[in-house]
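These protein sequence lines map, in sequence, to chains A and B. Here our numbering is used: the first residue of the first sequence is 39, the next is one more, and so on. Here our numbering is used: the first residue of the second sequence is 35, the next is one more, and so on.
Any given hint could be a false lead.
To be verified - The calculated lysine-lysine pairs, modelled on DSSO-like cross-linking and capped at a C-alpha distance of 30 Å, are:
hint, chain 1, residue 1, chain 2, residue 2
1, A, 60, A, 90
2, B, 111, B, 94
3, A, 60, B, 139
4, B, 139, A, 53
Unchecked claim - In silico contact screen, one side only, chain B against chain A (beta carbon under 10 Å); selected entries:
hint, residue
5, 68
6, 70
7, 72
8, 75
9, 77
10, 78
11, 79
12, 123
13, 127
14, 134
15, 135
16, 136
17, 138
18, 139
19, 140
If you are wondering where the hints come from, they were derived from the structure by calculation, not from laboratory data. Quantities reported herein were computed from a predicted structural model and do not represent experimental measurements. Every residue gets a Cβ at the ideal spot worked out from N, C-alpha and C, and that includes glycine.
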Amino acid sequence: AAGVIQSPRHLIKEKRETATLKCYPIPRHDTVYWYQQGPGQDPQFLISFYEKMQSDKGSIPDRFSAQQFSDYHSELNMSSLELGDSALYFCASSPRGHIYGYTFGSGTRLTVV
Amino acid sequence: GDSVTQMEGPVTLSEEAFLTINCTYTATGYPSLFWYVQYPGEGLQLLLKATKADDKGSNKGFEATYRKETTSFHLEKGSVQVSDSAVYFCALSEEGGADGLTFGKGTHLIIQP
Numbered sequence: 039a040a041g042v043i044q045s046p047r048h049l050i051k052e053k054r055e056t057a058t059l060k061c062y063p064i065p066r067h068d069t070v071y072w073y074q075q076g077p078g079q080d081p082q083f084l085i086s087f088y089e090k091m092q093s094d095k096g097s098i099p100d101r102f103s104a105q106q107f108s109d110y111h112s113e114l115n116m117s118s119l120e121l122g123d124s125a126l127y128f129c130a131s132s133p134r135g136h137i138y139g140y141t142f143g144s145g146t147r148l149t150v151v
Numbered sequence: 035g036d037s038v039t040q041m042e043g044p045v046t047l048s049e050e051a052f053l054t055i056n057c058t059y060t061a062t063g064y065p066s067l068f069w070y071v072q073y074p075g076e077g078l079q080l081l082l083k084a085t086k087a088d089d090k091g092s093n094k095g096f097e098a099t100y101r102k103e104t105t106s107f108h109l110e111k112g113s114v115q116v117s118d119s120a121v122y123f124c125a126l127s128e129e130g131g132a133d134g135l136t137f138g139k140g141t142h143l144i145i146q147p
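When you get a sec, could you build the whole thing from the sequences and use the hints?
And the structure:
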């Protein structure tokens, strides 16, 4: 079965650079979520989209932005990168509604040097 | 706001031992509850879920019962295996599913042969 696809798997950037992470949800999943997981930490919710509109916002820094496109894929754009942005970034998708739970992608490991 | 509290790790057990990982939650409404498992270097995988009080989620020998009266969702397994070694996250999602998941801090489980 198709899963949530994230790209790239690994990314190394220098401080103050920008990065774009991509997420391709499971077909027919209309909701996409982004999470940030620091080393040894629990995942923190960043932002979600439903039907291409921002649905909810968590602890996403102002330097980050995201959007969902007409094909339901989503991109997380990160600017003025800081060392503290180094983390695993997970995307998850679900059909609308909490009872289904979410399916997570394998994540993008971002390292800022 | 919503929160999830789970027992701190690491939890170290011998193979075939009985496992309990405690999880309690605070939520304003009637959330759905989840257990996710994360193996080293991998994404989060849904282990089991429960959507209403007294529901029991089960998968791969793991079980958890949604206890509204004690706001708990403890994870249990009768006989653990070395392959169960991973980090386990308890999580909740409020009604409607628009919000992201709220995770506990994770419990690192180590099973020794």
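How the hints compare with the structure:
1. Under the criterion of a C-alpha separation no larger than 30 Å, the hint pairing residue 60(A) with residue 90(A) is consistent with the structure, at around 15 Å.
2. Proposed proximity of residue 111(B) and residue 94(B) is supported: the alpha carbons are some 9 Å apart, at most 30 Å.
3. This hinted pair checks out: residue 60(A) and residue 139(B) have alpha carbons roughly 26 Å apart, not beyond 30 Å.
4. Proximity of residue 139(B) to residue 53(A) is assessed by CA-CA distance (about 28 Å); at most 30 Å being required, the pair is judged to hold.
5. Taking 10 Å as the C-beta cut-off, the interface hint given for residue 68(B) holds, the closest approach to chain A being about 6 Å.
6. Nearest Cβ of chain A to the Cβ of residue 70(B): about 8 Å, under the 10 Å cut. The hint holds.
7. Annotation: interface hint on residue 72(B) holds; nearest CB of chain A at approximately 9 Å, less than 10 Å.
8. Here the hint on residue 75(B) is kept, as its CB sits about 9 Å from the closest CB of chain A, short of 10 Å.
9. Taking 10 Å as the C-beta contact cut-off toward chain A, the hint placing residue 77(B) at the interface holds, the least distance being around 4 Å.
10. For residue 78(B), the interface hint holds, since its Cβ comes within 10 Å of a Cβ in chain A; the closest pair sits about 4 Å apart.
11. For residue 79(B), the interface hint holds, since its Cβ comes within 10 Å of a Cβ in chain A; the closest pair sits about 7 Å apart.
12. For residue 123(B), the interface hint holds, the least distance from its beta-carbon to any beta-carbon of chain A being 6 Å, beneath 10 Å.
13. Taking 10 Å as the C-beta cut-off, the interface hint given for residue 127(B) holds, the closest approach to chain A being about 4 Å.
14. A distance limit of 10 Å between C-beta atoms decides the matter here; for residue 134(B) the minimum to chain A is near 3 Å, and the interface restraint holds.
15. Against a cut-off of 10 Å between C-beta atoms, the interface hint on residue 135(B) holds, since the closest Cβ of chain A lies about 7 Å away.
16. For the restraint placing residue 136(B) at the interface with chain A, the shortest Cβ-Cβ distance is roughly 7 Å, inside the 10 Å limit, so the hint holds.
17. For residue 138(B), the interface hint holds, since its Cβ comes within 10 Å of a Cβ in chain A; the closest pair sits about 6 Å apart.
18. At about 5 Å, the closest approach between the beta carbon of residue 139(B) and any beta carbon in chain A falls short of 10 Å, and the interface hint on this residue holds.
19. The closest approach between the C-beta of residue 140(B) and any C-beta of chain A is roughly 5 Å, which is under the 10 Å cut-off, so the hint is satisfied.
The structure shown violates none of the earlier numbered hints.
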